[in-house]
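*Asks:* Start from chain A and add chain B according to the hints.
2 protein chains.
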Amino acid sequence: MTPAKLNLLVGTDVVDGRSIDKLAKHSMIYKLDGMTDERLSEILPTIDALLIFSWPKQLNPDNLQKMTRLKFVQSILAGVNHIPFANLNKGATVSSNAGAYSDEVAEYAWALLLSAVKRVVELHVSLREERWTLRRTLDAGTQVMILHDKVLGIIGFGGIGVSVARMAKGFGMRVCAFSRTPKRVKGVRVYSGERGLEDLLRQSDALVLALPLTNQTTKIVDRERLAQMKNTAVLVNIARGELVDEKAMYEHLVAQPNFRYATDVWWYKESRESLKTDYPFLSLPNFIGTPHVSGPSGLATGRPAQLAVDNTIRYLEGLKPKNIVDPREYVTSYPY
Amino acid sequence: MTPAKLNLLVGTDVVDGRSIDKLAKHSMIYKLDGMTDERLSEILPTIDALLIFSWPKQLNPDNLQKMTRLKFVQSILAGVNHIPFANLNKGATVSSNAGAYSDEVAEYAWALLLSAVKRVVELHVSLREERWTLRRTLDAGTQVMILHDKVLGIIGFGGIGVSVARMAKGFGMRVCAFSRTPKRVKGVRVYSGERGLEDLLRQSDALVLALPLTNQTTKIVDRERLAQMKNTAVLVNIARGELVDEKAMYEHLVAQPNFRYATDVWWYKESRESLKTDYPFLSLPNFIGTPHVSGPSGLATGRPAQLAVDNTIRYLEGLKPKNIVDPREYVTSYPY
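Protein chains in written order, with the working numbering: chain A, 21 to 356; chain B, 21 to 356.
Mixed in with the good hints there might be a few duds.
Treat identical chains as interchangeable: a pair holds within one or across any two.
Straight line, CA to CA, 30 Å or less: simulated DSS-like cross-link-like pairs of lysine-lysine [as the list claims (entries may be wrong)]:
no.	residue 1	residue 2
1	Lys-25	Lys-110
2	Lys-189	Lys-170
3	Lys-206	Lys-189
4	Lys-189	Lys-203
Calculated directly from the structure, the hints in this document are not laboratory data.
Next up, chain A with everything else stripped away, as it sits in the complex:
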């Protein structure tokens, strides 16, 4: 006798039809999309596993409380900071989708890094506003940084960080990385611990934030750490806006016109990422902002959904899923 299939709730429409068919071989599938409230209330107590992109609105605290059998949650987003860990059943397993977007997000990090160090955005805007004339040499304060032999500091050395390091090779940069756990990657000097982070911040000419957002990393870039960076450094963020203290960053950009911050990710307003900011960042010449497109560019390859589906099947088959996160690092409040 084959064991009964587990019940899987698919809470997103980014999973393609072929992957749904694959999942159907290993589970009884319910799709959240278009389900009536009545039907939802009926099936929630029977659900064993949940596959989501971001946390679905329909799974509000009341509905989540009905999911008494829920034992596994798989995120298609790389990070899991959107999941209401405090409201999940005790002992439930949550898997991130770490690594699923690494190359695409690392490419995007390089786009922001080069746009900032070479002042492409600033120069383009100044041409549009007719504030520039051709000149043979650049004035002080408008220099274009040469990457060769400069130090690239990667903060967070998981899948994305390793990809960012690989892309640095052709540019002849000296690469160092901050990792919570010691790690060996050829050609990269890896630092750990509070003191290691400070060493990296002090020597880096360009920095890339590639950390997950956890209790320990929220506002990791605060006033003090900004002061440790070179005042000509370029900081790139393709991870989460909340890794950076918003007020401290604004004040630093105003005080240090040669420091630059280029970000694809934004601060949270009312528990959701928002393009609205408390300070007028977009009016600063040393700020570059893009609307969180690095993830969607990876999602479009189909790979993140496929990896999340494969990992869900591991769980459904009784194998240990990959990318299990430690819930103690994510005692997050409900996302809405």
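*Replies:* Just chain B now, kept in the frame of chain A:
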């Protein structure tokens, strides 16, 4: 008896004091900067060699005619299309400064390439103008190109082109290059000839123009060649604006909104590069323009001036200088 030193006219102030001292060991130096017209008329007939950045205004056709002994011209600019070849003494040797800016300009090419393929400039501007909301997936026409496995076509495979190819490695792109003469570089498929150029244009997702401006390359990117490129291609120009037909480019950008042109170099107006264009390129979302800063960023390293000085010393010492160009490729009119 040691042979008499040759007379060298230094027509630029970008040569540092130490290099001037070095040159003084091998020649009798005259500095154009601050020289009176009277003194200039006096010394011009005695000058054997000329070291310049761009062609100096003081060396107008009348004055150049007085330089009856001039046998060698060294450019500190990489390209020599600014030199009035038709007015030089027959048999005079002209050396370019090819290769002196390769890494810095190649880095800049990558900055433009990534800014364009990842739409960084376009997205930043749309945020500034509050024309964007956060979304999970990108609409058709706003996709962000993934470089991995895509084809990079490099047109012109000298120092800059080879550096651009090296930087592509970490991104996992397939690299091909167009070269006038067949060349072997590991990991790069090299095309030659008119048919080879067409092959490269048809298959490339991103293209970098890295050719010198000569009689053969002026307007090499015309209406016909633009039509051979993919209509989603990104074309980067860090060489010379005049390699591209201005009218054809404007019309192509309007007709093909997913084609993108990112340039650091501009068309010539009254024989000089100018930010003024015949068409409103800067109003197009698929155009990125920066004010020819890639060269100055390399110049700031001091290396281009040093290489030009070293090559001038080769000539002064009776050795064959490097980077001798073929004047028949540059029958250029007087630059002003």
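*Asks:* Taking the hints in turn, state whether each one holds.
*Replies:* Tested hints:
no. : hint               : verdict
1   : Lys-25 to Lys-110  : within (22 Å within a copy, 89 Å between copies)
2   : Lys-189 to Lys-170 : both (12 Å within a copy, 19 Å between copies)
3   : Lys-206 to Lys-189 : both (11 Å within a copy, 16 Å between copies)
4   : Lys-189 to Lys-203 : both (18 Å within a copy, 24 Å between copies)
Of the hints listed earlier, there is not a single one the structure fails to meet.
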